[in-house]
Amino acid sequence: MRRKLQDIFRRLYSEFGPQHWWPAEDSFEVIIGAFLTQGTNWLNVEKAIARLKEKKALEPGKLFRMSSAKISSLIKSSGYHNIKAARIKEFLKFFFEIYQGDLGKMSKEKMRKLRKLLLSVKGIGPETADSILLYALNKPVFVVDAYTKRVFSRHGLINDDAGYAHVQDIFMRNLKNNAKMFNEYHALLVRLAKDYCRKLDPKCGICPLHGQ
DNA sequence: GACCAGGCACATC
DNA sequence: GATGTGCATGGT
Numbered sequence: 001m002r003r004k005l006q007d008i009f010r011r012l013y014s015e016f017g018p019q020h021w022w023p024a025e026d027s028f029e030v031i032i033g034a035f036l037t038q039g040t041n042w043l044n045v046e047k048a049i050a051r052l053k054e055k056k057a058l059e060p061g062k063l064f065r066m067s068s069a070k071i072s073s074l075i076k077s078s079g080y081h082n083i084k085a086a087r088i089k090e091f092l093k094f095f096f097e098i099y100q101g102d103l104g105k106m107s108k109e110k111m112r113k114l115r116k117l118l119l120s121v122k123g124i125g126p127e128t129a130d131s132i133l134l135y136a137l138n139k140p141v142f143v144v145d146a147y148t149k150r151v152f153s154r155h156g157l158i159n160d161d162a163g164y165a166h167v168q169d170i171f172m173r174n175l176k177n178n179a180k181m182f183n184e185y186h187a188l189l190v191r192l193a194k195d196y197c198r199k200l201d202p203k204c205g206i207c208p209l210h211g212q
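The first sequence begins at 1 in the working numbering and counts up by one.
All clues stand as given, with none of them false.
Straight line, CA to CA, 30 Å or less: simulated DSS-like cross-link-like pairs of lysine-lysine:
(1) LYS122 with LYS55
(2) LYS55 with LYS93
(3) LYS122 with LYS180
(4) LYS62 with LYS105
Label pairs and their computed distance ranges (CB to CB):
(5) GLY61 with LYS116: 19 to 29 Å
(6) PRO18 with LEU103: 18 to 28 Å
(7) SER14 with ALA69: 47 to 57 Å
(8) LYS76 with ARG3: 41 to 51 Å
(9) ASN138 with PHE9: 15 to 25 Å
(10) LYS4 with GLU97: 39 to 49 Å
Just so you know, the hints here were simulated from the structure itself, not pulled from any lab data. Here the structure is a predicted model, which means the values were calculated and not measured. Ideal Cβ positions, reconstructed from N, Cα and C, are used throughout, including at glycine.
Just need the whole structure built from these sequences, with the hints factored in.
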C-alpha cells in the first residue's frame, strides 16, 4: 500500500503540479470556508465568502459580534445557511472563550488535544476539524472528504462504505507525517475527482490513475 | 425540472 | 451500531 500511495502521488503531481491549497487569503477564511463547504458545491461557497468580504465581516471579532440571523443572510448562497450560521457562532464562542479569538494561541495547542476540542464543538465533525487543523493551522493531519473516498473506492483501494477514521489511517500510516505532503496529496485528489472521476469510469484510460 | 454538491446532528430501529 | 432524514442554495 505504501508504494501504491507514493506512486499515485507521483502520477498526480506530475499530471497536475502543485495545487496551492486551501483556496483562501488567510487562515480565518479557511476556517469559515470549512463550515460553508459542508455538503455544498464550492462555487456557492465562493459567493458567500465574497459577500462576507464585501461586508468586511470576514474577521473573528466582527463575526463574533454579528447575530446569527445576519450571518445567515450573508452566507445564504452556500445553502443550509441557518444551520451553518449557528455552527459558525458555536465555533466562535469556543474560539473566543478558550483562545481569545487569537489564531496564534489556538495554533500553539497540541494537535491531538485541539482536534478533540474542535470535535466537541457542535457543528464540527471530523472533516471540518481536520480541514481547520491542516489547512488553517498547518498541522500534519490528513483530510478525508467525499472526493478522497470517491477516487479511492473507484480505483478499488478501499470499500465505498469505508469509514472516515479507516481511510485517514491508510494515508497517515503510509505517508511521511508532513503537513505539506498531506496538503498537496488531498488537494491533488480533489483536482483529479473534479476533472475526471465524477463523470468518467477510472478504467477509461484517460484518468491519470489508469492501471492502478 | 431533476439531480447534485468538499457534512453534521439527531431520531429511530 | 447501522440506517434514515432534515438542513437549502445555485449550477448543470
